[in-house]
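Participant: Here's the letter readout for the chains.
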Amino acid sequence: MTIHETAIIGQNVTIADDVNIGPFTIIHSNVEIAGNTNIGSYCELGVPNNLGKVDTTIIDTDSTIRSHSIIYAGCGFGPGLTTGHRVTIRENTYAGINFQVGTLSDIQGDCSMGDNVRFHSNVHICKTSKIGNCVWVFPFTVLTNDPHPPSEILTGPIIEDFSIVATGSILLPGSIVRKNSMVGAATVVKGEVPIGTICVGNPGKIVGKTSKILHKGDGKPAYPWYRHFRRGYPAGALPEIFDENF
Amino acid sequence: MTIHETAIIGQNVTIADDVNIGPFTIIHSNVEIAGNTNIGSYCELGVPNNLGKVDTTIIDTDSTIRSHSIIYAGCGFGPGLTTGHRVTIRENTYAGINFQVGTLSDIQGDCSMGDNVRFHSNVHICKTSKIGNCVWVFPFTVLTNDPHPPSEILTGPIIEDFSIVATGSILLPGSIVRKNSMVGAATVVKGEVPIGTICVGNPGKIVGKTSKILHKGDGKPAYPWYRHFRRGYPAGALPEIFDENF
Amino acid sequence: MTIHETAIIGQNVTIADDVNIGPFTIIHSNVEIAGNTNIGSYCELGVPNNLGKVDTTIIDTDSTIRSHSIIYAGCGFGPGLTTGHRVTIRENTYAGINFQVGTLSDIQGDCSMGDNVRFHSNVHICKTSKIGNCVWVFPFTVLTNDPHPPSEILTGPIIEDFSIVATGSILLPGSIVRKNSMVGAATVVKGEVPIGTICVGNPGKIVGKTSKILHKGDGKPAYPWYRHFRRGYPAGALPEIFDENF
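Residue numbers (the numbering used here), protein chains in the order written: chain A, 1 to 246; chain B, 247 to 492; chain C, 493 to 738.
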């Protein structure tokens, strides 16, 4: 364990033996950090906030939290959490194993991610969002929850397993991206994207099945993506058998 | 008053008795911080810059500045300033009471906001913007000011009282969003949005009066929004009597 | 030379005599900082990473790195580097002289910029991008490289000399913006934008030559922009003779 001498550690903090904590980082009270985890500099973990349903913050094994990241009290993550720099995660956010969230991403809290979810840089996840397993969200995508802002009604989007939301998309309140779907770049999604379909444009329209997008290497369908891309996934996370013709 | 021992305080700084200042925060010279104010960690207030019209920085009573925020010298805010994390506010920015500005927002300076203005996360406000009272701007909205970039001509947008700009919109140089209007998500606004109208699309088009958007709860017009949403506004800030048929 | 007492300096670091380094900044090992350079607070320069082709980080003369910026080991910049706040630059990024990169910008590494390139706030540059000389990229523009994400194929965009990409645009994988072109705000670029043309819309369409955009001051063509805007460019950087009728 290496805790830099300038780091500030609160009360009731549990830190495993093989954890590194960088300079100028603040670990607030009631944080648990499991083994083989690296925490960069200028991070704040376990920021206290009276909106958290619990006071604890759980960082599990094999995690990497890059510098300038902020995680509020009341969050929990499975093993293998990896953040970019300047990630902000508010209270009551839960994610399964191997959650990766890119630089500048802003998770507003009161939301959940399944296992093996990957957010690229500068993704904005609104409150009450529900994200399944093995979902990818690309840069500058924004999930929204208020149908007529400002109001007290919050209906965060749902993204189901294995779906992809490409760069610069907006998911409107209450939208649902069903399993194995593909939302193209700069798309504004309203309502439901059916299983295994492509949604593109503003307003977003369903233009066909994902199987019509061909891989530039082998010329076969590029989706479901786990046919050709399996890097970094643990055994069993991705289907071994799949149907290109949803 | 609690100033963390690692904070750095410049010269000619005035800090009221009941102010808290977090670890690793820098208060540069000529900053005034009034009572009942909390300033998080890793903040820089009063960053000196020769573009500021004055050297002072005024943080009034009852303010909350969250961690990693940066405010330049030459800015002033009314009571009740609330920032998210990583907010950047450049010189010659002025706002009235209860200005709320979300995480990652970037205010470029030489601009003004009225009373009770609320910016959500990652809003970009260009120089020479003028924003009225009780305006809402939602995430990833960008105000722009150069009609043929790069040039020396700057004509920042105007947003008038009670108007709403939804997620991911761009206000082109010289655009004017008149009072009580609604700019929909992912809209590119050019020219004028008349009072009480809805502008949507790229390029943005006026598609009707805001009164045609119905509240999902009570089925009545959702706009003007202050009919159904008044949380957090002080007495007198919002009209008590209003006309749904602008 | 003024290195704040709270700054942390690694091994094998070379710092010229007239360099200032702000509070709480970390200079990792193998960083070279040349003369007349100012580095703000909370910066991390030379972040070690096994993806860097070299271990060194070169900050040349007359540079300004604003607070909260992060630069990885394996990057090199010509004289006159200027960053906004919270800039993130990953490994194997190279830029020529006078590179200016605005607040919140996120450069993902493995990419290059020529001389006198200017990025405004919150620009996202993907891996394998190639950017020429005297290019301007405006806020919230995203360059993307994966034609069917996620995949192992990376084909970053190319932006050639003197071209402009306006606010909120997305350059799709493999797109090429040829010399002296203008991509309008909120445009999604696919394929090639020919020399001296305007591309606007989603999907982006070529709508004419840049010479048809007239300067609001003198009524002459606003492009090529260096006819009327030359502020901050060194002698010889911009053409003295040019043709408005590409």
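Keep in mind that the hints were calculated from the coordinates and are not lab data. Treat the hints with caution; some may be incorrect.
[To be verified] One side of the interface only, derived from the structure: several residues of chain C facing chain B at Cβ under 7 Å:
| no. | residue |
| --- | --- |
| 1 | Ser559 |
| 2 | Pro631 |
| 3 | Thr659 |
| 4 | Ala678 |
| 5 | Ala714 |
| 6 | Phe721 |
[Claimed, not checked] Restricting the straight-line Cα-Cα distance to at most 25 Å, the calculated cross-link-like pairs of lysine to any residue (SDA-like) are:
| no. | chain 1 | residue 1 | chain 2 | residue 2 |
| --- | --- | --- | --- | --- |
| 7 | A | Lys212 | C | Ser643 |
| 8 | C | Lys701 | B | Gly420 |
| 9 | A | Lys190 | B | Gly465 |
| 10 | A | Lys216 | C | Ile668 |
| 11 | A | Lys216 | C | His707 |
| 12 | A | Lys216 | C | Gly666 |
| 13 | B | Lys451 | C | Gly700 |
| 14 | A | Lys212 | C | Lys712 |
| 15 | B | Lys458 | A | Gly191 |
| 16 | C | Lys619 | A | Phe229 |
| 17 | A | Lys216 | C | Arg670 |
| 18 | C | Lys712 | B | Pro393 |
| 19 | B | Lys376 | C | His707 |
| 20 | C | Lys622 | A | Pro150 |
| 21 | A | Lys212 | C | Glu644 |
| 22 | B | Lys455 | A | Pro150 |
| 23 | C | Lys708 | B | Lys458 |
| 24 | B | Lys455 | A | Leu154 |
| 25 | B | Lys425 | A | Lys209 |
| 26 | B | Lys425 | A | Pro147 |
| 27 | B | Lys373 | C | Thr647 |
| 28 | C | Lys682 | A | Gly208 |
| 29 | C | Lys697 | B | Lys458 |
| 30 | C | Lys697 | A | Ile206 |
| 31 | B | Lys373 | C | Ile668 |
| 32 | C | Lys682 | A | Phe229 |
Note that beta-carbon positions come from the ideal geometry of N, C-alpha and C, so glycine has one too.
Participant: Below or equal to 25 Å on CA atoms is what counts here, so check Lys212(A) against Glu644(C).
Facilitator: Judged against 25 Å, a Cα distance of about 19 Å means the pair holds.
Participant: Could you grab the alpha-carbon distance between Lys425(B) and Lys209(A) and see if it respects the 25 Å cut-off?
Facilitator: violated (44 Å)
Participant: Is the hinted pair Lys682(C) and Gly208(A) satisfied, with a Cα-Cα distance of at most 25 Å?
Facilitator: The given pair, whose Cα atoms are some 20 Å apart, holds under the 25 Å limit.
Participant: Does Lys458(B) sit within 25 Å of Lys708(C), going by the straight-line distance between their CA atoms?
Facilitator: Answer violated: Lys708(C) to Lys458(B) is near 37 Å, above 25 Å.
Participant: Check the hint pairing Lys455(B) with Pro150(A) against an upper bound of 25 Å on the C-alpha distance.
Facilitator: With a Cα-Cα distance of about 17 Å, the restraint between Lys455(B) and Pro150(A) holds, given a limit of 25 Å.
Participant: With the threshold set at 25 Å, check whether the alpha-carbon distance from Lys697(C) to Lys458(B) stays at or below it.
Facilitator: violated (33 Å)
Participant: Does the interface hint hold: is Ala678(C) within less than 7 Å of chain B, judged Cβ to Cβ?
Facilitator: holds (5 Å)
Participant: For Lys373(B) and Ile668(C), compute the direct alpha-carbon distance and say whether it is at most 25 Å.
Facilitator: Judged against 25 Å, a Cα distance of about 31 Å means the pair is violated.
Participant: Decide if the proposed pair is consistent with the structure: Lys190(A) and Gly465(B), CA atoms, cutoff 25 Å inclusive.
Facilitator: With a Cα-Cα distance of about 20 Å, the restraint between Lys190(A) and Gly465(B) holds, given a limit of 25 Å.
Participant: Is the Cα-Cα distance between Lys373(B) and Thr647(C) 25 Å or less?
Facilitator: Violated. Lys373(B) to Thr647(C) sits at ~35 Å, over the 25 Å cutoff.
Participant: Need the status of pair Lys682(C), Phe229(A): alpha-carbon distance at most 25 Å?
Facilitator: holds (24 Å)
Participant: Holds or violated: Lys212(A) with Ser643(C), Cα cutoff 25 Å?
Facilitator: holds (16 Å)
Hint compliance for this structure: hints 11, 14, 20, 23, 25, 27, 29, 31 are not met, and every other hint is.
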